[in-house]
Every structure is written in structure tokens, then in C-alpha cells.
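Visitor: Sequence:
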Amino acid sequence: MLDLSTLNPPQREAVMTTEGPLLVLAGAGSGKTRVIAHRVAYLLVQGVDPEQVLAVTFTNKAAGEMRERVAALAGPPGVDVFVSTFHSFGLWLLQQEHEAAGLPRRFAICDAGDQLALVKRCMREVSVDDRKFDAHRVLSLLSRAKNAGKKRIVPREAGQGDDYDLVAAEVYPRYEKALRAMRSVDFDDLIARPVAMLAHDPALRARCQERFRYLLVDEYQDTNAAQLELLKLLAGERRNVCAVGDDDQAIYGWRGAEVKNILRFERHFPGAKEVRLEQNYRSTGHILACANAVIAKNAARKAKALFTAGEAGEPVRVVAMSEEEDEARFVAEEIARQRGEGRPWSHFAVLFRLNALSRPFEEAFREGSMPYKVHGGPAFFDRSEVRDLLAYLKLCVQPEDDVSLSRVVNVPPRGIGDTSMERVHDWAIPRKLHLLEAMRRAAEIPDLPRGAAEKIGAFVALVDRFQARFREGPVSEAARALVAEVDLFSHVRAGVQSLEAGSRRVDALEGLLRSLDGYVQRTARPSLATWLQRLALDSREEEDPSGEGGITLMTLHAAKGLEFPVVFLVGVEEDYLPCAGIQGEARDLDEERRLAYVGITRARERLYLTRVAARSKRGKLLPRTPSRFLDDLPPAAHEKVDPAALAAPPQDVAAHTESVMAALRARLGGR
1 MLDLSTLNPP
11 QREAVMTTEG
21 PLLVLAGAGS
31 GKTRVIAHRV
41 AYLLVQGVDP
51 EQVLAVTFTN
61 KAAGEMRERV
71 AALAGPPGVD
81 VFVSTFHSFG
91 LWLLQQEHEA
101 AGLPRRFAIC
111 DAGDQLALVK
121 RCMREVSVDD
131 RKFDAHRVLS
141 LLSRAKNAGK
151 KRIVPREAGQ
161 GDDYDLVAAE
171 VYPRYEKALR
181 AMRSVDFDDL
191 IARPVAMLAH
201 DPALRARCQE
211 RFRYLLVDEY
221 QDTNAAQLEL
231 LKLLAGERRN
241 VCAVGDDDQA
251 IYGWRGAEVK
261 NILRFERHFP
271 GAKEVRLEQN
281 YRSTGHILAC
291 ANAVIAKNAA
301 RKAKALFTAG
311 EAGEPVRVVA
321 MSEEEDEARF
331 VAEEIARQRG
341 EGRPWSHFAV
351 LFRLNALSRP
361 FEEAFREGSM
371 PYKVHGGPAF
381 FDRSEVRDLL
391 AYLKLCVQPE
401 DDVSLSRVVN
411 VPPRGIGDTS
421 MERVHDWAIP
431 RKLHLLEAMR
441 RAAEIPDLPR
451 GAAEKIGAFV
461 ALVDRFQARF
471 REGPVSEAAR
481 ALVAEVDLFS
491 HVRAGVQSLE
501 AGSRRVDALE
511 GLLRSLDGYV
521 QRTARPSLAT
531 WLQRLALDSR
541 EEEDPSGEGG
551 ITLMTLHAAK
561 GLEFPVVFLV
571 GVEEDYLPCA
581 GIQGEARDLD
591 EERRLAYVGI
601 TRARERLYLT
611 RVAARSKRGK
621 LLPRTPSRFL
631 DDLPPAAHEK
641 VDPAALAAPP
651 QDVAAHTESV
661 MAALRARLGG
671 R
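Heads up: the sequence shown begins at 1 in UniProt numbering, then just goes up one per residue.
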């Protein structure tokens, strides 16, 4: 029997309201995942068929945790509940209905790196220099247009837009045409195409509405226009939609999320009931008082006030220093002092609005031999050697993938240079050929450099040979054979000067191959195409820093959903928090205030807000202004402190160091 007695009254109300639209406003640390899992289990206890429940969220990690919690509460029936990310659900629907979607049975997913490469190629086709125009920004405009259901981009009138509008308008149709030619979709297609199919196919819409009678959405404040439309089409007239989210934590407007979706929930789903979860189980009273005061200044929000049944705790400490080195030194010394109290390294997090602020802290931690990990830096799937191997594998599955072919045609160098490929490309376009098809006919292409046709033929033979080998299987052995034949290990070692850097690059390739090995071992009928599709989705994941043993350094965006006993929110200054507009765009002060709120509510026990009077920028020391958010803090909940007053007496540090060394000697001596 499902026990609901451990839930507080609003949580129970959210769980037991099963029919009709329901908005659960879940404040930070209020137990929203617990509520979702109990609600799914409660539906099953009430006799709902598990296959009629669809629960969606935004990351594979969150979906996995939700799946585990539901199974733990509901037992075997919970395993059959469809729990996934939005994009995974869209991929499932496209695979089920690939003919209706105009896709082949096997289609590829362009990951973020592929999309960027494709945008750059399309920019070159319209003679736009990707050194003058940021391809990331162009891709962002394409993404927003697709998520808004637009088939083309109409530049704004003169004086209202900028040149990026014009570039995006020219690139968009070429980008879409290139995707179709490559028999590929991008991430946005995984939502946009299902939306179009459901909107225009009443029979498919009816089947999906009958299959998924109960919809649950986590992190609803992060939905964009296309995701909202998908939910509305799936819900139909029944409107059994339970949306769980917090408008105060809507911090992804820059990537298309629309906070108005949660603010206007009842307009989209008439007759909606609203339940507010305001009891916080994470932070102390003083931390919550500061968070409430900062976010209360936002006018467009659903009013909430977090509270705790626990203690008020220590006041939030606001610390001002002269320069950034002083700020970093203070944080390092304060962590060292609290280490003397017995706290592990993993208790500490340094959060900042911009990655650029991390450097002095990294230097201070290195000087103090303090273990740390920067999260949100270059991701594994952005490493060049990993992308090279993935491009080879994609080409072996999808020979029409011109982006992957262009990446590896001369990796390792095999004498097929830019001049040769440019002439192949120019020859292929009027004949409407993919690059690999054109390369098969290299002998017909005029003006190729001497010997290029033979080298191109050898590359085509390599691709053909391994396409056949992957079809025959086993795929993991074929992948290792491919790496060996093109000698990728030697190539990545040769690209760096130190043995250590070379070993790291080889380890990265081995890591990807081990991932493929694991997939093959876990899967009854492994397919390289399926593994690459899953990988394209998984590579979007933020790495999970919660299990690391060192100090965590990360941006406020990356910190959402995490919590730490001790948090240092640094750089609390105007133009950093709130941040000045990026890439010429006006800043969104409401979203900046929500970012500050997210940062404050990551802290469980102790919170430090630090700033400096002057900070270096491009070699100049510039004065800094305290953040306006500091003026919002309640006097009773915070204190301004002198950094020197918090410093540990030298004898305390020395005693702690000696006790650590004594314990280490004892442990080593016992071996």
C-alpha cells in the first residue's frame, strides 16, 4: 500500500489530484521529485494502466532518477511507465512514425557540433565569413525559428534588427535542405516534427491521446513554445496534465525557454488547479529569507515565500575585498578553516555567473594543493579527438553525412587537402550528389591536384569496407578495427607535445570505445545507428558534479538542481550579477534576479556572497560596483564581515595540518 503520510498537506493534495490540469508550483528544495514519483505511483494504485502514463523532463539523468523512484514506490508496474526526456519521446515517436515524418527507417541525429559545422558550411555557401559572424548565434536564431514553428526567417525592418537576421534568413533554408539531403534531423526536429505530425494527422493524434491519458511534466518553467504545443496536442480535451515547476527558477530564456508558459498555465489548460509547495527541506531560515527578498522584486511571478521548519542558522555573510586575488585567497582560506572543522572537500561550492571568474580561484586552490573540479568547461563530446572518431562512425552508418565526411576526409592526413575537397564539392552541387558519391567519380572531376583521385579512391574504399563490416558485426570489434586501420591513436598523440596530453587524448578515444562495448554487452540486438542516436541525446547532458570529492566550481546555470552545505557565490557585482547584456543583447533583469535566487538556494547551511572593489579586465584594473541584489537582503538575515575576522589563527591551521599528517602516517604504517 502506498504511504502518503510522509508528505505534507500541499504535497498530498498534488499527489491525489489526478483528473484535469494541475499546476504544482514547487519552490526550491520543496521535494518536487518526490511529489512526482508519488503521484505516478498513486495513479497506478488507483488502477491506471502504466502504459497510459507519460512523464517527461529535460535531462536523461533526471528521467533516470524519476524512473527509479517510481519503480521503488510502485513495484513492477512502475517499470512500464513511459519516463523520458522531451527529446527522447520525440525520437521514439519519429521512429514509430518515420514514414509519416518523411524519414528513412534509419536516420541520424546531428548533435550540437554537427549542427555548428553545418551552419558554418551554409554560411560559406552564401559568402558569409564565419570569423565575422558568430556561427553559434546564427544557430541560435535558427533554433528559435524552428521551435516557433517557422518555415522561414523574415528579417526585421531596417533599424529594428541587425545583420544576424539577414544571415539567418539566408542560412535557414540551406541548413534545412542539407539536413534532408543527409537524411538527418537536429535536436529541435525531435520536438518540431512530432508537433507538426500530431497537428496535421487526426488519426495519429487520437492514437497518442488514447495511449497517454495522464501527462506529467517536470521543470515546466523550462519549456519552450514547441514543447508546450506538444503537450497540448497530447493532452487533447481530457487535459490530464500535471505540470511541476517554479517560475522563480526559470533561467534558460537565452536558449528559448519561455517563463510565460508557467505564468499562463490556466490560459493554455482551462480549469487548472494550482498547488503551491513552499516548505523548504534544504536551507536554513536566514538563507531562505535572503532568497525570498531577492526574488520578491520580480513583478511577473507567482508569489511564493519559502519557509522551513528548521533553524534560522547562521546569517548570510557578505564579504567585500579589494581585488579578485584577495577574493580567491579569502575563499581558499575559509575552506581550509572549515576543513579543520571536519568538513570534506565535497561540501564546498564556488558559484559564479560567468566562467571567466573562475581563474583566480583555480590558481588559489592549486597553490594550496586543494582538490577541485571546474564544471561547465569543455565537455567530453566537444573534444576534437572524440568528434573525429564519432564522425568516422557516423559516416559508416550514414554515407550521406557530408558534415562527418568533411571532418575526417584528411584525418589523419592522407593527402586530400582543402583544394581537392573544394573542387569535389563544387562539382557535386550542380549534379545534386553527396560528397561520397562525387568522390566515387573522382576520375571525372577536372583540375584535381595530381594524385588526388587515387587518394580519394583509397578513402572511399576504406569507408565502403567498414560500412560492410559494421553491417556484419560485431560493431564494437569493427570500431576498434577502424581505429587501428586509420591509426587514430598515433594521430592524436602526434598532435600534442607532451606524453601526458597524448595519453589523455588516447584515454578519451578509449572511453568512447568502452562506451560502445558496454552498450553491446547490455543490448540483445546492438546497432551502431541506435548507439549513435542515444549518444547524440546523452551528449547534451551536463556532467553530474555531485559525486566528486573536491571543491566544486561552476556557473549558476550549471548549479541548478544541486545543493551544497557551504556555498560561495562570488562576483556579486553589477555587470556580473546581474550580468551585462551578452553579444549586444539587452540583459533580462528578471532572469538575472532568478539566477541570483537559484545561487542562494543552492546553500544548505552556510552562504557567502563576495565582491571586490576592483577587478582586472584586459590587463586594466577597473572599479566594480556592488550588485543591486545586495541591497535587497533583509538586515536580520545577513551580516557584513571583515575577511580578517574569519581567518583561522595560525596555530589552529598548524594543529589541523599536524593531525592530518599524523593520521596519514598511521594509515600508511598500518599497511
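Hints listed in this document are in silico derivations from the structure and should not be mistaken for laboratory results. Using N, Cα and C, we set each Cβ at its ideal position, and we do this for glycine too. Be aware that a few hints might be false.
Restraint ranges, calculated between C-beta atoms of paired labels, are given here [to be verified]:
id, residue 1, residue 2, range
1, THR33, ALA305, 16 to 26 Å
2, ALA614, GLY511, 19 to 29 Å
3, LYS432, GLY64, 26 to 36 Å
4, ASP129, ARG471, 35 to 45 Å
5, GLY47, ASP631, 47 to 57 Å
Visitor: Hint numbers the structure violates, sorted upward?
Guide: 2 and 3
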